[in-house]
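Those sequence lines, one after another, are chains A and B.
Heads up, the numbering used here is the position in the first sequence plus 1319, with the first residue counted as 1.
Heads up, the numbering used here is the position in the second sequence plus 1319, with the first residue counted as 1.
Calculated from the structure, these hints are not laboratory results.
It cannot be assumed that every hint is accurate.
The list makes no distinction among identical chains, and a pair is therefore deemed to hold if it is satisfied within one copy or across any two copies.
[Stated by the list, open to error] Heads up, simulated SDA-like pairs for lysine to any residue below, C-alpha to C-alpha not over 25 Å straight-line:
hint, residue 1, residue 2
1, 1603, 1573
2, 1603, 1368
3, 1668, 1526
4, 1603, 1365
5, 1673, 1366
6, 1673, 1644
There are 2 protein chains.
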Amino acid sequence: MRNALYFQSGGVTAVIGATAAALIAAHRQASAGRLFAAEHGLSGLINGQLVDASALPEPMRLALSNLPGGGLGSGRTLLSPYDKNPEQWAQVRDVLIRYQIGTLYVNGGNGSMDTAAKLVELSDRFALGLKVIGLPKTIDNDLEGTDTSPGFGSALKYLSVSLMEAARDHCAMAIKPSVFIMEVMGRHTGWLATCGAVARLPEAIDSPLILLPEALFDPDHFVATVRDRASRSNAIVCVVSEGIRTADGRFYAQQNVAQTYGHEQLGGAGFAIAELLRAQLGFKVHVAIPDYMQRAARHLASATDIAQAEAVARHAVVLAQSGQTGLMVNIVRESDSPYHWHCGDIALKEIANKERRLPDGWIDRQNYTLRANALAYLQPLIAGEISLPWSAGLPEYPWVEWPAV
Amino acid sequence: MRNALYFQSGGVTAVIGATAAALIAAHRQASAGRLFAAEHGLSGLINGQLVDASALPEPMRLALSNLPGGGLGSGRTLLSPYDKNPEQWAQVRDVLIRYQIGTLYVNGGNGSMDTAAKLVELSDRFALGLKVIGLPKTIDNDLEGTDTSPGFGSALKYLSVSLMEAARDHCAMAIKPSVFIMEVMGRHTGWLATCGAVARLPEAIDSPLILLPEALFDPDHFVATVRDRASRSNAIVCVVSEGIRTADGRFYAQQNVAQTYGHEQLGGAGFAIAELLRAQLGFKVHVAIPDYMQRAARHLASATDIAQAEAVARHAVVLAQSGQTGLMVNIVRESDSPYHWHCGDIALKEIANKERRLPDGWIDRQNYTLRANALAYLQPLIAGEISLPWSAGLPEYPWVEWPAV
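Bound conformation, chain A alone (with noise of 0.2 Å):
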């Protein structure tokens, strides 16, 4: 009897416990054997951390599907080309066969799409005969072939709706121009700086000015911008992409701090900002850096992001079940409104390293915004609120205990 094995790879999001579970829930159903899990990605497969995901008691399973971070363990190593690491592949071979596996999923982002794709080179190359699957996650929505990726839709809901109450607040204290900042994840992408579109603010609130890696950032052209806008209304609300970059092609974060202060790590684009408009204009500037809560927020989850972390993993077993390999599952829209899709797949060599940037004809560089056709696309990827259980004020999000292998 044939095995699976499972493995996030990359940040985590809100909603992977969701995905996790819904795969221990379906491989159970399709009656194929074991699931093991590699806690903290590959590095845990290569070095034997394995769990029995498929033995995990049920009141547990449905504990991970409402846990932020996924409670297995993610990790950032990578599948290396054969020739630059056989050892490696060798070592990924010994464990595929001491415990067994037939079929791998690969719960990640562009990156662990091309590990995934190494690891069907590595069947092929030992003559395994695994099956492997994809698993599309991440927050920042940077995957090729997919209209979506599960854990987006909860970041930009969650993102929208802070920037939505934070600018409120900004509103009430500003009796002077002043400007209030939210720096989101981003580093080559400005998908998640899209809550500034997204959050819907009174026409008493100028619209958020966004700053995104895909537009070259230009200082003078920028302060010029918020100036007019102050001639006009006191709370000017901004959303920076950590990655913005000068026209030099340097990550703006790094080249003003390095500037000022000889060093690089110090604050980061928000701050960067932040600087500009004290040094440029004198106005009070406020920063919010949601960092890792803009990915956890599993409270403020959208449920159409859960109903989609739960149906790639009830897919990837029917494609897994039905002999198929080299996949990612990914979800295809039909229409935006009314929001709907299906689970397909797509192979993942069309995939692998690939970035997915925003369309160009959704921005607006000259006023720091985005065209309406980007909410068309946007908007149902945030619908749907959840309940979570609660006690003693606090949500319920207990350690994962993992069944020994």
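Given the coordinates of chain A, assemble chain B onto it according to the supplied hints.
Relative to chain A, chain B alone:
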């Protein structure tokens, strides 16, 4: 017929709208003339920026009750001593007479309660016969003379939940020693940093290190503690009050940045701690700064806090109607568990400008943690979840159109 005037003063909260909405309802029920409100605090009163709160349509009053930031506008202008600024007193007097104000409701923290006390003096000096009632409000929880202040419980709940979620994310990713830092508000008191003790983390995660303004910060002792933690666990969580100070009495945020870069405003305490740990231990450090988000997160408000925010407004009207003046409504705790409380009152003069710090007996300075007796006080304040009206994935936070005077 004499009217009443309400204004907000100091930083706003997630539940200050609930106080305003409850005051409007209670004032209407008392049939006590019109209730005006000044925009942006005392400065709005002085400038005659008044609205007719008692004419607010009921659906908008209900929406106001859910609105973070309060929808009216607060301000930081305080009433000076008469000798220092007799013109300011004359301006206030003129507005009060023009609008036939007989009752003043001042909704704020300890600085604002000093202004409320001075408004009693102003009434005496100009023989206005004012009734002046203070309504407590501060996320900092540093008001004396009340068991807690509306705004604090919700901010504490939000930070505690956020820390639980971010800690689970951090745990999932920590395959070598790394630190997650959450910087919370509190320049002089550590009430919000108590989220590090309130957050319910599994035993497998070491309890968060809590850095308080009430405990002088010793960098060497802290680095040694983190090094010791790292020998047991990879995932280290730390909550830092923005206002931590070293033995020389200076803010650590300013001091560290000034020493390194000759500049004071870039980054805050969280980034200063991050720099310290990177430099001394070489650890990876992530920093979250919720900033305004922590006092605006109405979506995660404490039901207990909202009940108290409304109760103080109703009690303020009762006090005014019974002819009292010079009092602040307070919250009196009857028991911890089950948690029972009621509204009472205390003389403004007894509490104005005082600052309540964390009880010394709660603080375990050696271990950067709080003792168990802190939790008996804190836990009831975050109890209870609320529901909001949502549409298309976002809460409904409309713009309040205040009726003109």
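Against the structure, the hints:
no.: 1; hint: 1603 to 1573; verdict: both (22 Å within a copy, 17 Å between copies)
no.: 2; hint: 1603 to 1368; verdict: between (50 Å within a copy, 23 Å between copies)
no.: 3; hint: 1668 to 1526; verdict: neither (40 Å within a copy, 44 Å between copies)
no.: 4; hint: 1603 to 1365; verdict: between (51 Å within a copy, 23 Å between copies)
no.: 5; hint: 1673 to 1366; verdict: neither (28 Å within a copy, 58 Å between copies)
no.: 6; hint: 1673 to 1644; verdict: within (20 Å within a copy, 69 Å between copies)
In terms of the numbered hints stated before, the structure departs from hints 3, 5, listed from lowest to highest.
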